[in-house]
Amino acid sequence: MMLYPQVQKCAQKDIEAVVGCDRLSEFGDWPHLSYIDAMLCKTLRWHPVNPLSLPWSNINDDTYGGYVIPKDTPVSIYFLEVMAMAHDETKYLDPFSFSLDRFLDDDGKLNNDDISYVFGFGRRICIGINLTDRSVWSAMANLLAAFEFQRS
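The sequence shown lines up with residues 320 to 471 when you count with this note's numbering.
FYI, nobody ran anything at the bench for these hints, they're computed from the structure. Fair warning: this is a prediction, and the values are worked out from it, not measured in the lab. Any given hint could be a false lead.
What the hints assert, rightly or not - With beta-carbon atoms standing in for the labels, derived distance ranges:
id, residue 1, residue 2, range
1, Pro-324, Lys-390, 23 to 29 Å
2, Cys-340, Pro-393, 26 to 32 Å
3, Tyr-436, Ala-458, 21 to 27 Å
4, Ala-465, Ile-444, 40 to 46 Å
5, Pro-393, Phe-415, 41 to 47 Å
6, Trp-375, Cys-340, 47 to 53 Å
7, Ile-434, Pro-324, 21 to 27 Å
8, Phe-415, Thr-451, 19 to 25 Å
9, Arg-470, Thr-392, 39 to 45 Å
10, Asp-425, Gln-325, 31 to 37 Å
11, Phe-417, Ile-388, 17 to 23 Å
12, Phe-415, Ile-378, 33 to 39 Å
13, Lys-410, Ala-336, 36 to 42 Å
Think of the CB as a built atom: it goes at the ideal place given N, C-alpha and C, for glycine as much as any other residue.
Could you build the full structure based on these sequences and the hints that come with them?
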């Protein structure tokens with residue numbers, strides 16, 4: 320929020336308009352706080368937290384795309400896949416900028432841009448996806464309601 324004070328101000332205005340100043344947000348407010356939801360989506364996509372996979376390495380020498388990968392080279396393909404997907408320039412114009420526009424439609428509602436890939440895929444998806452989603456949303460909304468973040 321310190322890097323993007325205009326985003327912080329918009330989020331705080333959204334919270335005040337929906338929740339008011341006399342209480343903190345609750346999960347019932349979630350559908351009405353699209354801007355906070357877009358911030359969560361953007362944050363998760365902008366910088367995926369970590370690979371969340373066990374370290375592993377190839378068991379034989381291998382060649383891929385003309386590159387030689389020696390035996391026992393540590394490999395974390397999952398993290399590379401997620402980073403590539405999260406910063407795909409064909410899907411996200413200027414993927415390293417912090418723009419919430421790509422997650423909101425013209426009415427200011429959250430669009431259907433699915434970012435669940437940051438939690439894994441298929442049978443290996445993070446079992447805490449819903450807990451994480453809700454707890455980070457709650458923390459973001461309530462911290463923004465209670466504090467103003469600025470550089471010292």
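Hints, verified against the model:
no.	hint	verdict
1	Pro-324 <-> Lys-390: 23 to 29 Å	50 Å, violated
2	Cys-340 <-> Pro-393: 26 to 32 Å	51 Å, violated
3	Tyr-436 <-> Ala-458: 21 to 27 Å	22 Å, holds
4	Ala-465 <-> Ile-444: 40 to 46 Å	32 Å, violated
5	Pro-393 <-> Phe-415: 41 to 47 Å	26 Å, violated
6	Trp-375 <-> Cys-340: 47 to 53 Å	51 Å, holds
7	Ile-434 <-> Pro-324: 21 to 27 Å	24 Å, holds
8	Phe-415 <-> Thr-451: 19 to 25 Å	23 Å, holds
9	Arg-470 <-> Thr-392: 39 to 45 Å	41 Å, holds
10	Asp-425 <-> Gln-325: 31 to 37 Å	19 Å, violated
11	Phe-417 <-> Ile-388: 17 to 23 Å	34 Å, violated
12	Phe-415 <-> Ile-378: 33 to 39 Å	35 Å, holds
13	Lys-410 <-> Ala-336: 36 to 42 Å	31 Å, violated
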